[in-house]
Amino acid sequence: MMPSIDRIESDAKLPERADIVVIGAGIVGVSAAFFLAERGVEVLVCEKGVVGCEQSGRNWGWVRTMGRDLAELPLSLESQRLWATMSRICEAETGFTRCGILYVCDSDKELAAQQAWLDAARAYQVASRLLSRDELAAILPATSRRFAGALMTSGDGRAEPQMAVPAMAARARRRGARIVENCAVRGLDLVAGRVGGVVTEKGRVACETAILAGGAWSRLFCGNEGLDLPQLKMLGSVLATAPMPGGPEMSVGGSNFAFRKRFDGGYTLARRNGSISHITPDSFRLFLDFLPSLIKGWDELKLRVTGRFLEEWRMPRRWALDTPSPFEAVRMLDPAPDKRQLEEVTATVGGAFPFFRDLEVKDAWGGLIDVTPDAVPVISKVEELPGLVVATGFSGHGFGIGPGAGQLAA
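Residues in the sequence shown are numbered consecutively from 1, following the numbering used here.
In case anyone wonders, no lab produced these hints; they're calculated from the structure.
Do not take every clue at face value.
Straight-line distance between alpha carbons at most 25 Å, and here's what the computed BS3-like set of lysine-lysine pairs gives [unchecked claim]:
no., residue 1, residue 2
1, K296, K109
2, K302, K339
3, K13, K302
4, K339, K362
5, K109, K302
Between beta-carbon pairs, the in silico distance windows are [as the list claims (entries may be wrong)]:
no., residue 1, residue 2, range
6, A192, A127, 47 to 53 Å
7, L310, R331, 32 to 38 Å
8, V330, V191, 28 to 34 Å
9, L294, L190, 43 to 49 Å
Glycine included, C-beta positions come from ideal geometry on N, C-alpha and C.
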């Protein structure tokens, strides 16, 4: 199920100390290490699996400012600036291109909602604009679905998750960062009430600060430290087509579909507004935290009862640092994609855009997204544990704002 992700040469030996230890080598953890290494900080990244192997290598690959929560807009604008130079700085291809993004609307009501966002976002000088039905038809002519209009941001773009995160990790290593794969961090070693090191499966590393960028694993890690982080997991499913010359360059999202061109000439397709939440023990523990968002997004959320409930019920929530942790038992979250959802989006996109009617599916995969109650990430110091910084809960937005989020965490 795992997409083909570029591999990097990782460090074989764990150092005795580092200034900062980053826990997790997804895009946010790698970006944090990238900026710390640029400053000459001694930084170590510990990854229980391999670089970019979970959601950071499985997402849609969109890099957008459009439609962001206003709290995320400064991060997304800064990330756009950083993405524009990333391939050059990394001396490797990240696949970033400013292709533009369209959010097409089926009704005047949807169009009014996009106008409301645009009015609120004008203070940030976003380069988005609303398109009428006729203007959209001129930009996106090859469609059999009649749209009411669209929100367009011509400067938004796309990048390749399977290429970008390893390229940034390799650059960080060349600048002095150490990245050790297959090395789970079991927990924090506290000295006089603050972070004095981390305990990994390969030994202890002394440090003054730890950055937790553990994605879907962050809640479990925090729980063992006595912190209750309100975060759940959502399943995202993606398919990639074989190369399809002559198709749309712009990335397009509708009420129930999304597609974007890939670096290899194929397309990534996914179901928009169709998050799948597997019922787990945490669903009950965090019910009140997520109740407002559950009510607000009831039409978009798909609840499923699967074997994941028993998997997480049996998973230890507390463990001693001298015993194997759950992170060593499961090196990589590799869920099966939702077949029904991918069949639906294939039919939807093929029905709306004749170009896609004969698409050939090259690959498909699933990923577990770390979600907070308000769908806005946590990037913060932790007052209860001095020396710990948490950067998690990106709610499906982490890839696009990853460089800015990593810079902020650093």
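Hint by hint, here is what the structure shows:
1. K296 to K109: holds, 16 Å
2. K302 to K339: Since the Cα atoms of K302 and K339 sit roughly 14 Å apart, the hinted pair holds (cutoff 25 Å).
3. K13 to K302: violated, 44 Å
4. K339 to K362: holds, 14 Å
5. K109 to K302: holds, 23 Å
6. A192 to A127: 47 to 53 Å: holds, 50 Å
7. L310 to R331: 32 to 38 Å: violated, 20 Å
8. V330 to V191: 28 to 34 Å: holds, 29 Å
9. L294 to L190: 43 to 49 Å: violated, 36 Å
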